[in-house]
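Novice: Using my numbering, the first residue of the sequence shown is number 1083, and each one after it goes up by one.
Because the hints were derived from the structure by calculation, they are not lab data. One or more hints might be untrue.
Unchecked claim - No more than 20 Å apart at the CA atoms, straight line, and that leaves these computed lysine to any residue pairs for SDA-like: (1) K1616 x D1806; (2) K1772 x Q1743; (3) K1616 x E1604; (4) K1223 x Q1570; (5) K1343 x A1207; (6) K1569 x S1224.
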Amino acid sequence: MVALAITTFLIQLLSAFGELEEDVLEGSWNYLLSFSLWWLWHSRFYIYSSVAVIIGVWIGSRLIFSKNKRLEDDFKQNGVALPGLGDEKENSQLVLQPQEVHVAGVKIFYGSQTGTAKAFAQALAIDVASLDVPVETIDLKSYDPDDNLVEETNSKNICVFLLATYTDGQPTESAQWFCKWLEETSSDFRYGKSYLKGLRYAVFGLGNSVYVSHYNTVSKNVDKWFWMLSGSRIMTRAEGDANVVNSKHGSIEADFQAWKKAFLSRLQPLIKGEKKTCSGKCKKGKCKSKKKPKEEMVSSQELQEESPQQSSEEGELFETTSEEESGDEEGKEGGSVIDVEDLGNVMNHMKKAKKDREAEEELMKNKLPKLSVGKNEDSQPREMITSALRNALAKQGYRLIGSHSGVKLCRWTKSMLRGRGGCYKHTFYGIESHRCMETTPSLACANKCVFCWRHHTNPVGTEWRWKMDPPEMILKEAIENHQNMIKQFRGVPGVKPDRYEEGMIVKHCALSLVGEPIMYPEINSFLKLLHSNKISSFLVTNAQFPEEMRKLEPVTQLYVSVDASTKDSLKKIDRPLFKDFWPRFMDSLKALADKKQRTVYRLTLVKAWNVDEIKAYAELAALGKPDFIEVKGVTYCGESTASNLTMANVPWHEEVVYFVQQLGEQLPDYEIACEHEHSNCLLLAHKKFKINGEWWTWIDYDRFQELINEYEQSGGTKAFTAADYMVKTPQWAVFGATERGFDPVDTRFQRKNKTKDISGC
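Full structure from sequences and hints, please.
Specialist: Encoded structure:
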């Protein structure tokens, strides 16, 4: 390259002095051009590399410059100067401001009877405020957890609960509703085990160790229920003891001061962004282990022992009713996540329990022959409700009566007490949901339906073989238990005083809680007692007891569950115990056709199982001639090894509407009368209930009581029919109305947090 440059220079110099001829000069330039092109071709790789390096250096310098520029701008926006950008005095005093708020505030909830918990809450609030953290004290008496608690899952607040234990281990009056709601929510499948995931909380209990069996039970339970709903402890639960002899620090005030100091120490790193939460095994507020707390682990194990068969039958699809408010079965609590390091202890515990059960069974086998000699104990009927079943159902919210009955408060009863709307029976038939008692005189059933909301925790059988309680006792205790559950709503936020007073007087009875009410041998006596107390009757049967149906006395409305229209699908869905289930089913429908009072087919749609059986359903309708046909989509209840149904089997409301329209075309004597969108339910009614173009599907309950009284006094000779006690349906309840079945007198409640799904009916 250097030689080329020298040659070019010489040519230019000689040409300047005229030393070269014109032709020689032209040849020299041609040679020079050829040589240059040749050199460029052979040196192309070096040239390309040099150009690439130069471009790369240029781009890199530009990126570094722009990055420094952005960084400088960011610091300036946050009030921070970089060295060299301001004077030395400013640089020496600047502090970097935090970019994210890790604790938005502290909410202190208290449930107090004598004022101690309230005083503690106020003292804690003062100390928290000194840390420049927003703080709020809240009396649980005026707090509605159903509306507000879920918002704390993403609010970045720390929730502190100061809870006193009152008489017999019960919450204080101000905290009763909060504790009841939290207990039911923790075992209610609609909310799910992660309902309060994201909630950061701490619990301090106020108690007295003199009462050994009830010491601080409220704080223990609340802590456990939060844990079951996936709340995150920021520190271990602490207990204050009013018994100075056993108090760790000499008094309950000193216990609180020690806990408050630990809480404030824990709060400060959280404010700075520390994300570690307490697992439950902590000492002085400092986490020592990632294992689950012992009390919860033992609780889960106990639950598994009490209901060992439920692990294979939990989490199924089930068909819910307006009366039903299902919580998770006991076995579900045992399905909580267990750390791997705890698995060995759990398995050893379960193996030991299994061996103990086997040994007990073997011992009973050996003792049976001796017991039967000269004695008749073996022939005595046993109680339907075993101790394990009693514990399981009690935890699900049941109030058990005697040896085979139960009552439970329906969620629609709670809803209507608060003016938030009634169930589909209110829309279709005009019942007052807040005055409806949901009960059953028989927890036993002859089916094991795949969508059973009790997941088969109730006993099964094909005949009555248990000890029997008198109907008078069952009704008396059912009403008392129902009223006691209603009393718990006194003073609850949102409950309307007039509806509370009305709710104390039972006007309707839904015999569809669980099991098969018609199995109870004294069912007719029980119905007569209801009617003599001016209580209407809604009885549901699974169509497996045709003879009992024929013997049945008049009821306000008699239901038959028609879960499928063919033998194969009925066997697959209802899983009946009777081998001759199909003839029994058909015979029951024929028995229904002979009834004079109001009758109903109840269809549960399970997508991909029975939604295509429209023609077969129409044939069954012609057989039983029901007054009404209710069609409802199945409700999902999680996965289960006992059923392969999934969320895909749940039909959308529009799909249910389409099915009913198709079914109506196959039934010329029926039309769509009503709709309850919230329950995913529609009503087909016989045209005899459509008078002058208007539907009369509602029930005149006072007239029914007059008719049934005349029937009883005449010894059954003065009969009456469904047409004798019908009343006009309001326009808002008719299919096609803009209200979609919601009573405009009430206020529709929409949950603020749409991410939390508690669907179900």
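Novice: Keeping to a limit of 20 Å between CA atoms, is the pair of K1772 and Q1743 held or broken?
Specialist: holds (17 Å)
Novice: Holds or violated: are the alpha carbons of K1223 and Q1570 at most 20 Å from each other?
Specialist: holds (12 Å)
Novice: For the pair we were handed, K1343 and A1207, check the Cα-Cα distance against 20 Å.
Specialist: At roughly 13 Å apart (the allowed maximum being 20 Å), A1207 and K1343 satisfy the hint.
Novice: Check the hint pairing K1616 with E1604 against an upper bound of 20 Å on the C-alpha distance.
Specialist: holds (19 Å)
Novice: Between K1569 and S1224, does the CA-CA distance stay at or below 20 Å?
Specialist: The given pair, whose Cα atoms are some 17 Å apart, holds under the 20 Å limit.
Novice: Is the Cα-Cα distance between K1616 and D1806 20 Å or less?
Specialist: holds (17 Å)
The structure agrees with every numbered hint stated previously.
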